[in-house]
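Enquirer: Sequence:
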Amino acid sequence: HSHGDATGQELERVLTAAAGREENIRVLPFHTGIALILGEGTCRGAWILDESENRGRAVLGRAVLIATGGIGRLYQQSTNPAVATGDGMAMAFRAGLVMANLEFVQFHPTALCLPGAPRFLLSESMRGEGAVLRNADGKRFAHKYHPEGELAPRDVVTRAIVSEIQAQRGRPVTLDLTHLSPDFVRTRFPTIHATCLQYGLDITRRLIPVYPAAHYMMGGIETDREGRTSLPGCYAAGEAACTGVHGANRLASNSLLEGIVFGTRAARAALGD
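First residue of the sequence shown: 8, per our numbering; consecutive thereafter.
You can trust all of the hints, since none of them are fake.
In silico DMTMM-like cross-links for lysine to aspartate or glutamate, where the CA-CA straight-line distance does not exceed 25 Å: (1) Lys151 to Glu131; (2) Lys151 to Asp183; (3) Lys146 to Asp162.
Label-pair ranges, simulated between beta-carbon atoms: (4) His150 to Ala259: 17 to 25 Å; (5) Ala259 to Arg64: 35 to 43 Å; (6) Thr39 to Gln84: 20 to 28 Å.
I should point out that these hints are in silico values taken from the structure, not numbers from a laboratory.
These numbers were taken from a predicted model, which means no experiment stands behind them.
Here a beta-carbon is modelled for each residue, glycine too, at the ideal position from N, C-alpha and C.
Model the full assembly from the supplied sequences, consistent with the hints where possible.
Expert: As C-alpha cells, this is what we get:
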C-alpha cells in the first residue's frame, strides 16, 4: 500500500516515469485500438486510431500485448475512467480469440453518490477500518443481509445496499466514519478525504451518500499462466485478461496480482516465445 489509499496512483507514476526513461519505448498518447492485424494464423500487429488527427495507422510487431483495462464505462454507474470501454476485449472478440467469464462483472458497493460528482471509489478498507453503513433512518442495516455485515463480500454488500434503497423507496444510504478519529481518517484515507472535500463533504464530520457502481471485470480474454491467448503472437494482461485467479468475484487489491504478476509473466513470454 502507498500513501494510505493511493497505491494505483503511485504505481502509475513510477511506471510512467520508468517508461519515459527507456529509449526503446515509444508512447503514443490519445490513440485507441481498433483491430488486430492477422496473418498466417498469428497476430502481426494492430490498427490504432490517432484521435488527434482522426486517422488510422498500422503498428506491426512480433507480439501484441493487450492491456486495455475493463468495461466499466459501459454502465451508467461506474468507478472507472472514461476510457474503460472494453476496446481491447472487442478487438480480441472480433479477431476470434477465446473469451471467458464475461458475465462476471463486479459492482463495488460504495461509490460516492453526490450531484455533480463522479462515482468516486470509496475503498472497502474504510469499512475494514470501522466505517458502517446506515439507512435513511440512520440505522445500521448490513447485518440483516449477512452475518459479516459491512465486511461481507462485495457482491453481498452491493445487493444489501440496493435492497435497502428499494425498501426505503429510493432514499439514499450512507457510509459513516464520524465515530473514528478525524486525524486517523485524514491520515489513512488522504485521497478520499481530499476528493470529498472538493465537493463540500468533510467525511470526518458528515455521512457519505453511497451507491454501487460497476468496478471490475473478472472475465475477458482467456489466457494461460503466462498471458498467452488462443491466438499465437497475442498476449493479454490486467483487467482485459481472464487468468482465472478471481473466480466469479474479486477480493480487494487482487487487481495488483493481475496487473503486476501476470503483466510481468506476459511480457516475459512475449519476449521469449
